[in-house]
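Respectively, the protein sequence lines represent chains P and W.
Heads up: the first sequence at position 243 corresponds to 243 in our numbering, and the numbers run straight through without jumps.
Heads up: take any position in the second sequence, counting from 1, add 1000, and you land on our numbering.
There's no promise every hint is true.
[To be verified] Simulated restraints, written as ranges between beta carbons of each label pair: (1) W:R1253 / P:T6: 52 to 62 angstroms; (2) P:L232 / W:T1126: 54 to 64 angstroms; (3) P:Q89 / W:A1133: 33 to 43 angstroms; (4) W:D1183 / P:I93: 39 to 49 angstroms; (5) P:V102 / W:Q1266: 54 to 64 angstroms; (6) W:S1134 / P:R159: 21 to 31 angstroms; (7) P:S90 / W:L1270: 42 to 52 angstroms.
[As the list claims (entries may be wrong)] Once the Cα atoms are required to be at most 27 angstroms apart in a straight line, the calculated DSSO-like pairs of lysine-lysine come out as: (8) W:K1189 / W:K1131; (9) W:K1202 / P:K162; (10) W:K1202 / W:K1125; (11) P:K162 / W:K1131; (12) W:K1202 / W:K1189; (13) W:K1202 / W:K1131; (14) W:K1125 / P:K162.
Since the hints were derived computationally from the structure, they do not count as laboratory data.
These numbers were taken from a predicted model, which means no experiment stands behind them.
Using N, Cα and C, we set each Cβ at its ideal position, and we do this for glycine too.
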Amino acid sequence: MRPLITNAWFNRIAAPVGVATFVLIAWQFFCRQRGIPVYLFPAPTDIALKLAAEWPSLLTALMSTLEVTFEAFFLAVLLGSLTAFLFVQSQAIAISLYPFAVLLQVTPIVAIAPLIIILVKNTQVALTICATVVAIFPIISNTTVGLAAVDPGLLAYFRMNKASRLQTLIRLRIPSALPYFLAGLKISSGLALIGAVVAEFVAGTGGRNAGLAYDILQSGLQLDIPRMFAALLLIAVTGVLLFTLMAGLSHLALGHWHESGMGNEK
Amino acid sequence: MIMAPDGFSPPTLAPLNLPVVNILSADKVFPNGTRGLAPIDLAIGRNEFVSLIGPSGCGKSTLLKLVANLYEPTDGRIVWWQGNFSRVGESGRRLAFVFQDATLMPWSRVEANVRLPLDLAGLPKTAAVPKVASALAQVGLTRYARHYPGQLSGGMRMRVSIARALVTEPDLLLMDEPFGALDEFTRNKLDDDLVRLSWERKLTTMFVTHSLYEAVFLSTRIVVMAANPGRIYAQMTVDEPAPRGDAFRNSDRFAALCRDLSRLLQAASLESAVADHDEGGR
Ligand SMILES: Nc1ncnc2c1ncn2[C@@H]1O[C@H](COP(=O)(O)OP(=O)(O)O)[C@@H](O)[C@H]1O
Ligand SMILES: [Mg+2]
Chain P
1 MRPLITNAWF NRIAAPVGVA TFVLIAWQFF CRQRGIPVYL FPAPTDIALK
51 LAAEWPSLLT ALMSTLEVTF EAFFLAVLLG SLTAFLFVQS QAIAISLYPF
101 AVLLQVTPIV AIAPLIIILV KNTQVALTIC ATVVAIFPII SNTTVGLAAV
151 DPGLLAYFRM NKASRLQTLI RLRIPSALPY FLAGLKISSG LALIGAVVAE
201 FVAGTGGRNA GLAYDILQSG LQLDIPRMFA ALLLIAVTGV LLFTLMAGLS
251 HLALGHWHES GMGNEK
Chain W
1001 MIMAPDGFSP PTLAPLNLPV VNILSADKVF PNGTRGLAPI DLAIGRNEFV
1051 SLIGPSGCGK STLLKLVANL YEPTDGRIVW WQGNFSRVGE SGRRLAFVFQ
1101 DATLMPWSRV EANVRLPLDL AGLPKTAAVP KVASALAQVG LTRYARHYPG
1151 QLSGGMRMRV SIARALVTEP DLLLMDEPFG ALDEFTRNKL DDDLVRLSWE
1201 RKLTTMFVTH SLYEAVFLST RIVVMAANPG RIYAQMTVDE PAPRGDAFRN
1251 SDRFAALCRD LSRLLQAASL ESAVADHDEG GR
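With the rest of the complex left out, here is chain P (with noise of 0.2 angstroms):
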């Protein structure tokens, strides 16, 4: 066991924590030196009160949030995902629809929102929708990109072996891409949750009263400062897990050949 000080793990958690430490510390110092008012800018403690007191209301807009995440993030790995393998299959079709993926990415999400909210009846869905429409493009171009960044080699290989193409995808394409697809996922999985908070704002101006996006809307109205922070904060870790979920995954699903196979090549 090497000392923990050497240990690049510890200090990848320690060092930030360091830094996220010091910083609250100043905060709150500052907060209470100047004697700023809650309702101007709270103080951490401030705002870990609210989210202790406020905790079954917070939770619940922190789930509604959630929920329209992981349908976005789910419907956008699916869709994306079969969209990909559709590209790979034939250059016309990719040809043909790339464009309008390209299209989907980049028109901002709070402009096509309003319209899709007014179109869909079910609020949920609309949501869901524009979340979908924002996670939906690193899928497609990641996965694409790795379904067709086959080593030729190998491609030659299973020719030679006379694979049939489902063989060809299963063992050779599918592994192939799976780094690019899992990369693609850790972006997506953040955008699904942007694309989440935009869209309960845009729904939350017209009167749809759930998500924490509606409740920083709700908060800023009252002057509830400390409960707008709160739910930032909810975001931003949920973000962060987010992240790291995927983060963790990826390391799963890779960690004993990619790494091992680059830390080679060096």
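On the provided structure of chain P, position chain W with the ligands as indicated by the hints.
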């Protein structure tokens, strides 16, 4: 001869007196008009180890790919000891091709990489596993069966690639500069193993190399090729009995054979250059 229960039968060997494959005036003109190969006549007999050597661009890889049925000959035929195949993908023979790169699947363990051709042929795992174990033992990698390719050295990866070829018990083993990317020391070790395997497994091999020492050490017959257009310039037999080893490598006879081959190569390369010049003048 015992048939495997799954229809993946043991190899059907050519009779000793017949060639495994007979290349009859087969040539290759690429779609872009490049003549890769002038008509070639070459017969490969059972248990022969035939090396192809010659200046780069003389069509060694093209010839191997013709035999592997990866290319169709533009004219002429390639006849196996039984029947003829000239349409891509209809080879009745069992061929194994080893490339310069090991071309392993980085996401699969060594044992799964070696099992790949059997898996693709639909052999049940229970039947494949002992074959894999025996192939790995033959290349000395039993201890590394559960490693990933990324954890192995270049020489070891090439051994895995050879094991993957041996596991199918090929009628003909085709190797295109398999050790070209390896250092001299590793290459010699792999040559030693290949000579031993050829002897033990009664392999029939076509082997492309740039090293005349390697060609002399491994081959029963060396085909010297010239370029522009790619053709056979000369042939040379090496009738040193197996098993060959360092004793052969250090012998005067080996040195003499290398000198002979070197002269042939110089002449072939001169021919290629002359042809080059002629073509330029046209
Ligand atoms: N796919 C191809 N299309 C056109 N020309 C090719 C192709 N493959 C090889 N050639 C040409 O055919 C000749 C023989 O190539 P190759 O068999 O690769 O030579 P070697 O392996 O002996 O170096 C070369 O002049 C090369 O440029
Ligand atoms: Mg070549």
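Taking 52 to 62 angstroms as the stated bounds, is the beta-carbon spacing between R1253 of chain W and T6 of chain P within them? Holds, at about 59 angstroms.
Has the given pair, K1202 of chain W with K1189 of chain W, been kept, meaning a C-alpha gap of at most 27 angstroms? Between K1202 of chain W and K1189 of chain W the Cα gap is close to 19 angstroms, so the pair holds against 27 angstroms.
Hint check for R159 of chain P and S1134 of chain W - Cβ pair distance inside 21 to 31 angstroms: Cβ of S1134 of chain W to Cβ of R159 of chain P: about 27 angstroms, so the range 21 to 31 angstroms holds.
27 angstroms limit on alpha-carbon distance, applied to hinted pair K1125 of chain W and K162 of chain P: holds (19 angstroms)
For the pair we were handed, K1202 of chain W and K1131 of chain W, check the Cα-Cα distance against 27 angstroms. holds (17 angstroms)
Quick check: does the Cβ-Cβ distance between V102 of chain P and Q1266 of chain W fall within 54 to 64 angstroms? Holds: the Cβ-Cβ distance is about 58 angstroms, inside 54 to 64 angstroms.
Starting from K1189 of chain W, check that the Cα of K1131 of chain W is at most 27 angstroms away, please. Roughly 23 angstroms between the alpha carbons, so the hint for K1189 of chain W and K1131 of chain W holds.
Could one say that the CB atoms of S90 of chain P and L1270 of chain W fall in the range 42 to 52 angstroms? With Cβ atoms ~51 angstroms apart, the hint holds.
Taking 39 to 49 angstroms as the hint, is the beta-carbon distance of D1183 of chain W and I93 of chain P inside that range? holds (47 angstroms)
Is the Cα-Cα distance between K1202 of chain W and K1125 of chain W 27 angstroms or less? holds (26 angstroms)
Decide if the proposed pair is consistent with the structure: K162 of chain P and K1131 of chain W, CA atoms, cutoff 27 angstroms inclusive. Given pair K162 of chain P, K1131 of chain W holds - Cα atoms ~20 angstroms apart, limit 27 angstroms.
Given the hint of 54 to 64 angstroms, is the C-beta distance from L232 of chain P to T1126 of chain W inside that range or not? holds (58 angstroms)
When each numbered hint is compared with the structure, no violation occurs for any of them.
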